[in-house]
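**Student:** Protein chains in written order, with our numbering: chain X, 1 to 293; chain Y, 1001 to 1309.
Take the hints with a grain of salt, since some may be wrong.
[Claimed, not checked] Taking lysine-lysine pairs in the DSBU-like style, the calculated list, with each CA pair at most 30 Å apart, reads:
#1 K175(X) to K1119(Y)
#2 K33(X) to K175(X)
#3 K1153(Y) to K1277(Y)
#4 K163(X) to K85(X)
#5 K166(X) to K33(X)
#6 K33(X) to K1277(Y)
#7 K81(X) to K163(X)
#8 K33(X) to K1175(Y)
#9 K1119(Y) to K81(X)
#10 K163(X) to K33(X)
#11 K1102(Y) to K119(X)
#12 K161(X) to K85(X)
#13 K1102(Y) to K263(X)
#14 K175(X) to K161(X)
#15 K85(X) to K175(X)
#16 K163(X) to K175(X)
#17 K85(X) to K1277(Y)
#18 K81(X) to K175(X)
#19 K33(X) to K161(X)
#20 K85(X) to K166(X)
#21 K1102(Y) to K1119(Y)
If you are wondering where the hints come from, they were derived from the structure by calculation, not from laboratory data.
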Amino acid sequence: MEIVSQLIMNGIIAGGIYSLIALGLTMVYGILKFINFAHGETFMIGAYLAWTFNIGLGLPFWLSFILAMVGTGLLGFIIEKIGYKPLRNAPSWAPLIISIAISIFLQAFAIMVWGAQIKTFRTGEISQGIPVLGAIITPIQITILITSLALMLGLYFFIMKTKIGKAMRAVADNKDVAASIGINVNQTISIIFVIGSALAGAGGVLVGIEQNLTPMMGVPMTVKGFTAAIVGGIGNIWGAVLGGFAIGFIENIGIFFIPSGYKDAISFAVLLLMLIFRPRGIVGVKKEEEVRG
Amino acid sequence: MAYFEHIAILIGIYTILTISLNLNIGFTGLINLGHAAFYGIGAYTSALLTMAGVPWFISFLCAGVVASIFGFLISVPCLRLRGDYLAIATLGFGEIIRAVMKNWVGLTRGPLGIPGIPKANILGMSFSDPIHFLILVAIIAAITLFIINRITKSPFGRVLRAIREDDVAAQALGKNLTYYKVCTVCVGAFFAGLAGSLYAHYITFIDPTTFTLQETILMVSMVVLGGMGSVSGSVLGAAIIVILPEPLRFLNMPSSIAAAMRQMIYALILILLMLYKPEGILGEKTFKIRRKSLWNPFKFLKGKLSGGT
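From just these sequences and the hints, can you work out the full model?
**Tutor:** Right, here's the structure in full:
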């Protein structure tokens, strides 16, 4: 019983982070209809930026966190302007391949700037866990969970209550109609990239403070985030949150049954199964032919 | 000299990989990001079989067949998916295969890899000398080139191009899309498996780190650089991408930085190509050799004979 509640707790914490990643991916897919493979690398760069500000420059952690989000938001803006905007009308494989190239570029960049060896935020001793409902969670994990929930709540109010949020929903719904009623589609897409990338960067920092930083840490995240987006129904923002938590659970319960070396493979397997059997997601309302060729 | 032989062998192996991937990406429009998995499956199959005592040539063919079987298994469910979903599904497949290579220690020795793979030999004729192995690779690359060129020129290949251009239209003409797509993936996987076998028996050591997503990206860069849907472009793309980062070797950088630098060059090439020349160097053009002037040694008689009668 203790193990089960521990696994569920771990699932919730991991789920919060996967949701942050999935949000950016699903927003971009909802509008531009391509998988942003560079999203996981934005996540990784976020972790490294926070590490540089916090450990390297000695800034307080909360400030490093915000600066990392600003930095990755800016990165998302630049990536969109340089890489994806010129290809708006190209066949769908073109932005796909360029996003893969950008992700490889950012990985190589991280290796050259920060080195291939592992970096860590941990400086002091490992803090004592707190028992919650039979599970042990550390203060860091509580920080992760609260921060990710707060960010999602913030995004919810931004999208539902502000004018820009309304424009985002309109563009996601129908780009052409949105343009015809005077919404600046390009600007809205930029905003979506900035927000999505900042959220991914935040996710990177949150993973970074608990685990270690490596230049390759973003690769499985792209797939997990996309799996979460698919589980929740691609393009559906709240579905992505649900999907993120679902993936967190499945993964953590899964390693109870199969060797932990296959942890990353679990989400890939879920992705394949979802694509094959229920490509429109659990709560998705997208039409089948959008997925099937 | 040994260095140039090494480069040439690598170009040969990558040519096989690139042409077979081009059959998927360039000719049929299937964004397959799991090609390194087929490559790896081939390498492991061949290495394990030879070390169990099977003659090299048999395990070489088995490598292709096993990779092809995996190609079949993955393509049947995945090919019902549209372009970018297919990309992420095949990427997931590749990562699962790599997780298996890393974790099924009983079979693959996991991260330790398999050392001491015997060199290739056919009926007692050993290819342990690099120059002999180079000839072998060149022959197999040429056969691959020939077969895939024939496939793309055949009516079958025309259907593939039709699927790439407009799959709905191709379906409306009564073409069974799944059949064609599964076939191309299986053929592509077969040749990737052969390339894997060549690699394993050339380097004589394999481990899961060789068959990563980066490897697939490398092959995709070769395909895109040479030109999607151009067979001869694939050869050119493979050669350029293998040779291009080689000067970095002489700059005396730490190996991790050099590897990153290489990745960066590939990435930049891909980005610039996509932005400025998405059709690649050769586009869909291929070098055409005029068949008559090559194959008909009695051409000079032709006019005279027909004129005489």
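**Student:** A separate judgement is required for each hint: does it hold in the structure or not?
**Tutor:** Quick rundown of the hints versus the structure:
A distance of roughly 59 Å separates the Cα atoms of K175(X) and K1119(Y); the hinted pair therefore is violated under the 30 Å criterion. Distance restraint check for K33(X) and K175(X): the Cα-Cα separation of roughly 11 Å lies within the 30 Å cut-off, and the hinted pair is therefore satisfied. Among the hinted pairs, K1153(Y) with K1277(Y) is consistent with the structure: their alpha-carbon atoms are about 25 Å apart, no more than 30 Å. The suggested pairing of K163(X) with K85(X) holds, with an alpha-carbon distance near 23 Å, which does not exceed 30 Å.
Proximity of K166(X) to K33(X) is assessed by CA-CA distance (about 20 Å); at most 30 Å being required, the pair is judged to hold. Distance check on the hinted pair: K33(X) and K1277(Y) sit about 22 Å apart at the alpha-carbon level, within 30 Å; holds. Taken as a hint, the K81(X) and K163(X) pair is honoured in the structure, with Cα atoms around 23 Å apart against an allowance of 30 Å. A threshold of 30 Å between alpha carbons decides the hint, and for K33(X) with K1175(Y) the separation of about 27 Å falls inside it, so the pair holds.
Our distance criterion of 30 Å between C-alpha atoms is broken by K1119(Y) and K81(X), whose separation comes to about 50 Å. Annotation: proposed proximity of K163(X) to K33(X) holds, straight-line Cα distance about 23 Å (limit 30 Å). About 23 Å separates the Cα atoms of K1102(Y) and K119(X), which keeps this hinted pair within 30 Å; it holds. Between the alpha carbons of K161(X) and K85(X) the distance comes to roughly 28 Å, so the proposed pair stays at or under 30 Å and holds.
Pair hint K1102(Y) plus K263(X) holds up; C-alpha atoms about 12 Å apart against a cutoff of 30 Å. Pair hint K175(X) plus K161(X) holds up; C-alpha atoms about 20 Å apart against a cutoff of 30 Å. Annotation: proposed proximity of K85(X) to K175(X) holds, straight-line Cα distance about 15 Å (limit 30 Å). Of the supplied pair hints, the one linking K163(X) and K175(X) holds, its CA atoms being roughly 16 Å apart against a limit of 30 Å.
Note on K85(X) and K1277(Y): the hinted pairing holds, with a Cα-Cα distance of about 16 Å set against a maximum of 30 Å. Of the supplied pair hints, the one linking K81(X) and K175(X) holds, its CA atoms being roughly 18 Å apart against a limit of 30 Å. The hinted pair formed by K33(X) and K161(X) meets the criterion: a straight-line CA distance of about 25 Å does not exceed 30 Å. With a CA separation close to 22 Å, the supplied pair K85(X) and K166(X) stays within the 30 Å bound.
Using a Cα cut-off of 30 Å, the hinted pair K1102(Y) and K1119(Y) holds, with the two alpha carbons roughly 24 Å apart.
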